[in-house]
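**Q** Here is how the chains run, residue by residue.
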Amino acid sequence: MRYIIKKIIILILTMLLISLFTFFAFHIIPGDPARLILGTEASEEKVALLRSQLGTDLPLSTQYTRWIGGFVRGNFGNSIRYSMPVSDLMKGRIEVTVLLGLMVIVLVLAIGIPMGVFAAGKKNTIIEQIINFFTMLGISFPGFFLSILFIWIFGLILHLFTPGRYVSYENSWPEFWRFMFFPALAIAVPEIAILTKYVRTAVLDELSEDYVRTAHGKGISFYAILYGHVLKNAIVAIIPLIGMMIGSIFSGSIIVEQVFAIPGIGRLLISSVTGRDFPLTQTLVMYVALVIVVTNFIVDILIQVIDPRIRLQGK
Amino acid sequence: MKKGLTEIRIGCILTGFIIFLALLSLVYTPYDINQMDTSVRMQAPSLAHLFGTDNMGRDVFSRAITGARFTLMVAICTVAGCTAISSVLGLVSGYVGGIVDEIIMRVIDAINSFPGILIALIIVTVMEHGRYTIIIALCIMFIPSFTRIVRTGTLQYKDAIFVKSNRIFGDSELRLALVHVFPNIFPILLSSVIVGLSNAILAEASMSYLGLGIQPPAPSWGRMLYEAQNIIFTAPWCALAPGLMIVITIVGFNCIGEGVRKRWLT
Amino acid sequence: MTDTGAVRSAGTDKTADTARPLLEIRNLTIGIHEGGAVYTAVDGIDYDVHEGEILGVVGESGCGKTVTNLAIMGLLPEVLFIQGGQILYNGQDLAGADEETRRKINGDEFSMIYQEPLTSLNPLIKIGKQVGETLSAHDKCPASEIEGRVIQALADADLAEPEKIADMYPHQLSGGMRQRVMIAMATICRPKLLIADEPTTALDVTVQAQVLRLLKKINRKYGTAIIFISHDLAVINQICDRVIVMYAGKIVETAPTRTILTNPAHEYTKGLIRSIPTMERKGADLPCIPGHVPSTEEKREPCPFADRCPVADRICHEQEPPLKDLGDAHTAFCHYL
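Protein chains in written order, with numbering that gives the first Met the number 0: chain S, 0 to 314; chain B, 0 to 265; chain D, 0 to 336.
Honestly, the hints are just simulated from the structure, not real lab data.
Among the hints, erroneous ones may be present.
[As the list claims (entries may be wrong)] Derived lysine-lysine pairs resembling PhoX-like cross-links, with alpha carbons at most 20 Å apart:
(1) D:125 to S:231
(2) D:103 to D:139
(3) S:122 to B:163
(4) D:103 to D:163
(5) B:261 to S:122
(6) S:231 to D:103
(7) D:139 to D:163
(8) D:128 to D:139
(9) B:261 to B:2
(10) D:269 to D:220
[Stated by the list, open to error] Derived DEER-like restraints, expressed as beta-carbon distance ranges:
(11) S:43 to B:45: 28 to 38 Å
(12) B:160 to S:3: 53 to 63 Å
(13) S:128 to B:183: 25 to 35 Å
[What the hints assert, rightly or not] Some chain S residues close to chain D (C-beta under 7 Å, calculated; not the full set):
(14) 216
(15) 217
(16) 219
(17) 222
The beta-carbon is built from N, C-alpha and C at its ideal position, and this holds for glycine as well.
I would like the entire structure built from these sequences, with the hints used as guidance.
**A** Dropping the structure here:
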């Protein structure tokens, strides 16, 4: 229990630092953000108006407390470019990104873990070399290049989906999944490669443990040992990695949403960056960072629940 | 056979090939990289145009090898800058310890809790888009992990016997840190630098793809892929050339990194 | 090893009349891969294990006693392998047996317990399930009966509140309890042979005595033969009927326990016995054997102990020592007996 309280304190501290970091990143830039947004040709009145809209004429500390206060109450401010509340813009897009992320996680776990176990079983064989080769390739393909290849091969040549024609899940779930499968796969490939490598190492490490020898001594078959004894321990060893993957899965989805024209948070973020929509970018960045930090926190707690060794130390 | 040597060899051949092309682009490209020629739009690869032409009739090969130069330059500057800053931060943090260490590590942790691309996005939002901004952005993105590596190494060696014995001989702490501690971190730093290069190339390509990195008309692999996306069906070579060059470069660097790790760090 | 016949006839007083030993080790040689080269870890040893006896194997660490017994179980780590010889059980040679044959014997007819009970148990699986696995691996009883038999086995291993322990994880138990769990797990199928590899070395002295008592009880009650590996002659004395002394991959002396302790023949055994601390010698310097066990890479003399032996002569560096039968099941390899 003490561990969890300590983790919660660290969580709150990290969030505070993240908010300060995000806020100041947008306020320590030399020059006037209003001027930067409107460009040098804009009239002085227009700039002054935007300045008061953005609140940049107020002292920094007031700006920060205002922003954080609003954030906590769910009032994320207004987008300059779309002139509407940021929360309205996010509605509907969050679900798309979350669903995409979940699909990626399912793919990564469903393919990465069995492949890693398989690779561990084939140590010192030609199959190990082949798997090594593919994991090396997997981590070397940029997500957007893979996405373009998927659009070309699976979309335009094989017609497995229609590129550029996103189908909302509100219209049809099967069509939605059909469209989302390849973007999800494009994000998943490098993560699968990484997970395969880690699972393989974790399984091999576990196989050299004493308890495996005991199990052999009891007359349990190799595969029963692999799946009944080793796998569980190996998975506990890789859970922290799965936590770290959440961040890179989101990074992947920012870019892949762009390639496949999927209306999610990532695409909104990029358009806010290219459009220099400061309030929108600031809020989205903060929001995403929070989601990632909180997910990692949950993963940490999950490890406690799964691993009885840690679970009992806390008591 | 010595461990990791095969990987290092394969990696050097692949990256050497790309670096050669990038250097070649300094002195020679078959065509001007911005020369448009509507009479040869979207031509398939041939002897005249090794990698074909794009929808504006520009020579893909010339653009791809010039793009290699820009991308590699950004990656090298990024990693060099980041290694320099991180070495100082990590040494100070590990060596001084106490409150300084605490502050540096807390900030690093906070930066680390963002996915790297978010940091890069914040920076390109608040600064002018372009080559130098992307270097700064990627630099900040990589500083946390590098600093951590240097700090861990410093902690490991600062109280090692050979450092202590030199301390007894009256070497100043600064000299100890720079002459006795830092060189021991080299092997692990080297493998991080190499992996860092491949990450920097990936990140630069992604940012340029999003239009936030190297700005046109300067060619970059990421931007070329963006432009090729809409003509992928009719002119796939426009995407395949820069895409595969990215993959080859990254595989190359990863191979070297893996080899170095196997050879010196296990 | 020239005269295997002499070893075969060397039974204990207890089992001298039984016709065939439970297990016969014949000229067993075990190699080790190290940095591309192959060295010899165990060098052509012969011995028998008789039904129902407790056989001690003693020697300094690195002399091959654990390796030999891992070979019996077919549990050699990757770098070690059987180079030659036989492990005869029920007329079958286990040295070359396939995995499935081994699997059927392990846990059912042969079992093993280890020095480190904590790492030898899976940290993430409950005790009850780990003990029950031995039963289910050999289809000993219907699934519904497993739980009851596990609890019975834990109780037989002198564990109080077996139901509660079955529901716990290894790290929640003390070292002694873990070793009892290991014993319950190893003996639940009533094996004919139990190999105990330094089972008490990691335990407190008081707990050590309890575990030894438990092993003896199992031996008496079920007639389970036990190979008891230890570097500690004092512990061997408490439990074993007969002792094999190993040195640098070879057997140097075999005798009933009392004979070994009162009338050792081989210089190495004598050295071992001298280095047991006793009350009478309290305060005096504890004698030890000068030198060290040669590592597997070092060149070995025909008599492996020649370099450290006080009576060694030229012949010990030139010829393999012969097997001498000293009567009463006492044999030793030495030129000077």
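**Q** Next, verify each hint and record whether it holds.
**A** Status of the hints after comparison with the structure:
1. The suggested pairing of residue 125 of chain D with residue 231 of chain S holds, with an alpha-carbon distance near 13 Å, which does not exceed 20 Å.
2. With a CA separation close to 12 Å, the supplied pair residue 103 of chain D and residue 139 of chain D stays within the 20 Å bound.
3. This hinted pair does not check out: residue 122 of chain S and residue 163 of chain B have alpha carbons roughly 43 Å apart, beyond 20 Å.
4. For the given pair, residue 103 of chain D sits about 30 Å from residue 163 of chain D by alpha-carbon distance, which is inconsistent with the 20 Å threshold.
5. Restraint check for residue 261 of chain B and residue 122 of chain S: satisfied, since their Cα atoms lie roughly 17 Å apart, inside the 20 Å limit.
6. Among the hinted pairs, residue 231 of chain S with residue 103 of chain D is inconsistent with the structure: their alpha-carbon atoms are about 25 Å apart, more than 20 Å.
7. Simply put, residue 139 of chain D and residue 163 of chain D have alpha-carbon atoms about 23 Å apart, too far for the 20 Å limit, and the pair is violated.
8. Between residue 128 of chain D and residue 139 of chain D, the direct Cα distance comes to roughly 15 Å. Compliance with the 20 Å bound is thereby established for this hinted pair.
9. Distance restraint check for residue 261 of chain B and residue 2 of chain B: the Cα-Cα separation of roughly 6 Å lies within the 20 Å cut-off, and the hinted pair is therefore satisfied.
10. Restraint check for residue 269 of chain D and residue 220 of chain D: the C-alpha separation of about 34 Å exceeds 20 Å, so the hint is violated.
11. Distance hint check: the CB atoms of residue 43 of chain S and residue 45 of chain B are about 57 Å apart, inconsistent with the given range 28 to 38 Å.
12. In this structure the supplied range 53 to 63 Å is violated for residue 160 of chain B paired with residue 3 of chain S, their Cβ-Cβ distance being about 41 Å.
13. Our hint of 25 to 35 Å for residue 128 of chain S and residue 183 of chain B holds, since their Cβ atoms are close to 33 Å apart.
14. Against a cut-off of 7 Å between C-beta atoms, the interface hint on residue 216 of chain S holds, since the closest Cβ of chain D lies about 5 Å away.
15. With 7 Å as the threshold, the beta carbon of residue 217 of chain S comes within range of chain D, its nearest partner Cβ sitting at about 4 Å, so the hint holds.
16. Look at residue 219 of chain S: its Cβ gets to within about 5 Å of chain D, closer than 7 Å, so that hint holds up.
17. Violation of the interface hint for residue 222 of chain S is found here, the shortest Cβ-Cβ separation to chain D being roughly 11 Å, above the 7 Å cut-off.
Going through the hint list in order, the structure does not satisfy hints 3, 4, 6, 7, 10, 11, 12 and 17.
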